[in-house]
Amino acid sequence: MSLDYNPGRPEDLVEHDRVQTPLYEDAALFEQEMEKIFAHSWVFVAHGSEVPEKGSFILSWVGQQPVIVVRDRKGDINVLVNRCRHRAATVCEVKKGKTSSFQCPYHGWGYGLDGSLRGVPYPEQYGKDFDKSALGMKALRVESYQNMIFATLDDGIEPLAEFLGPAKKWIDLFMKQGGGYPVKVLGEHQFTVPMNWKIQLENTTDAYHFPVVHKSFIQSLDKEAEATFNFFDKAGFVEDLGNGHSVAVMIPELIDLDENLDDPIPERFEELAQALRDEGFDEPRVRKIVRATGGAGFNLNLFPNVSLSLAFFRVLRPVGVKETAIRHVCLGMDGGPAAANRMRIRLQEHFQGPMGFGTPDDAEVWERVQRGTLGGRELPILVNRGLVDEVPGVDGPRGHLSAETGMRASYQMWKRMMAQ
Amino acid sequence: MSGITTVDRDVDLQELAAFVWREADILDRCDYDAWLALWTEDGHYIVPIGKGENYEDQVNVCYDDARMRRMRVERFQQGFSISSAPPADTVRTVSRFVLQGATGDEIVLGCAEHVVENKFGRQRIYAANLTYTLVRTESGLRIRNKVARLLNSDGELTAFSYLF
Ligand code: FES
Ligand SMILES: [Fe+2]
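Protein chains in written order, with the working numbering: chain A, 291 to 710; chain B, 112 to 275.
With a cut-off of at most 25 Å between alpha-carbon atoms, the simulated BS3-like pairs for lysine-lysine come out as follows:
| # | chain 1 | residue 1 | chain 2 | residue 2 |
| --- | --- | --- | --- | --- |
| 1 | A | 612 | A | 326 |
| 2 | A | 385 | B | 162 |
| 3 | A | 386 | B | 162 |
Simulated restraints on C-beta separations:
| # | chain 1 | residue 1 | chain 2 | residue 2 | range |
| --- | --- | --- | --- | --- | --- |
| 4 | B | 149 | A | 433 | 50 to 60 Å |
| 5 | B | 209 | A | 449 | 51 to 61 Å |
| 6 | A | 397 | B | 149 | 48 to 58 Å |
| 7 | A | 321 | B | 148 | 45 to 55 Å |
| 8 | A | 425 | B | 206 | 47 to 57 Å |
| 9 | A | 520 | B | 200 | 28 to 38 Å |
| 10 | A | 383 | B | 238 | 13 to 23 Å |
| 11 | B | 209 | A | 548 | 49 to 59 Å |
| 12 | B | 153 | A | 659 | 38 to 48 Å |
If you're looking for bench data, these hints aren't it; they were derived computationally from the structure. In this text the structure is predicted, and so the values were computed from the model without any measurement. Note that CB positions come from ideal geometry on N, CA and C, so glycine has one too.
Isolated chain A (complex conformation) (with noise of 0.2 Å):
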């Protein structure tokens, strides 16, 4: 890439209904991004359920930095970064699993499940003032919402409820599709996209590109649920929820898993629907359950790393200016019907993942995006779409479901911490 365009202070880079190119494709701003961004936001890590039982287990990411999330023997949450504090060895490469303790592979070193470090192999040669209480992994500051674990390593940000402020109803609203079950990692596909990680930040409250970029994947399906994609025909909308979050309705009547249970089960669940009542649910149980089955019927963006979009997790790690790791991870109920699991399974397969019948196309326009601003770098980008109908919504900014509210919402706040 060339350096002669001198991208100057970044937050005027971004204007209320456009931003420059070079935000897709500068590596000096990317690292900007990685510091004034990343290390100073709730980053999203793990779901409660991938780490059930004290010792559980998983590897995840805080920006480009890798971190581990283990239940401690007090069944406290730890995001460590997977570093020994000798001389850096990563202590742990396992994805995921169960141990009592980490030992670093190079030297021995051993830290306890909250990083704390517990031995060292010759200690002698260290001398007597060799202080074990600061030479533990580094840990991060955890909270959780809803079971879903976010780490920062800013320990003077305002709390994670705080943080996501209106959006916290919305994550209330998804979690309804447990249908009366905690809701449980199922599974997850991982993918990257040659692509800048704000690209995919934009897409999942960018309703616009449905009907177009996923038009084989509503031609696959039957008539009814071919009626419920179409989205613009409904009363959706989409709203900005303040902190770079913002919130898309689709399917306005499913904003609410509990209500409309009388609605008739559409064609695609009666299977499902008939293999619950052989099973001795009654006919509320069925519903409620069939209808989380389903999903919910909006797509929230949470800014910078996640969203809960219809049924799944969407979560994006940078890796590089111009490369970006997405993990879609699978839903269900936790304790609930395997059949209704299983359904859960399938429909992710379907639209999801490396095969899905929606994930491939958006990987291509995603990449699109990356090699056209190639050209033409003093064009904006335009976001400008749905400012001329665009109301006050409940907690901000709401516009037609088309509109790229959302992606104001983003890069408002990209603004606002990059100024920082």
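Based on these hints, arrange chain B with the ligands on the given structure of chain A.
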């Protein structure tokens, strides 16, 4: 396994390899109607994640019964999917054939697959262990099940516009 001797005597590895090579050629040419015709109606085309074998209850990259296979092929052929219009070009080889068993009308065959894909002049390489359950029918060999276990299947892959 004592069955192996019987297998070796009764099954012609060359015949099986020729069948799998023909499928590989069909997939590289994206001749998906011909591909669908290689299958029986009852089995699954599976690209699993990780080492698990309880495919029905785990998240897979794909888990296709006959209906899903047909839908997948339709998606490729209709021209509305930007990632498959055009798809990445692929060149694949299949080798290291090992007979894993034969009972009744079923033959289980393992082999290695290497696929190189090209899109936008960017080439990527994928490798998979393939396990076929083949059946002999009146019209010749058919696929009942095919499991394509990719290297790093439980890590980060990339989007695919073709089949393994
Ligand atoms: S680097 Fe970990 S013990 Fe030496
Ligand atoms: Fe999409």
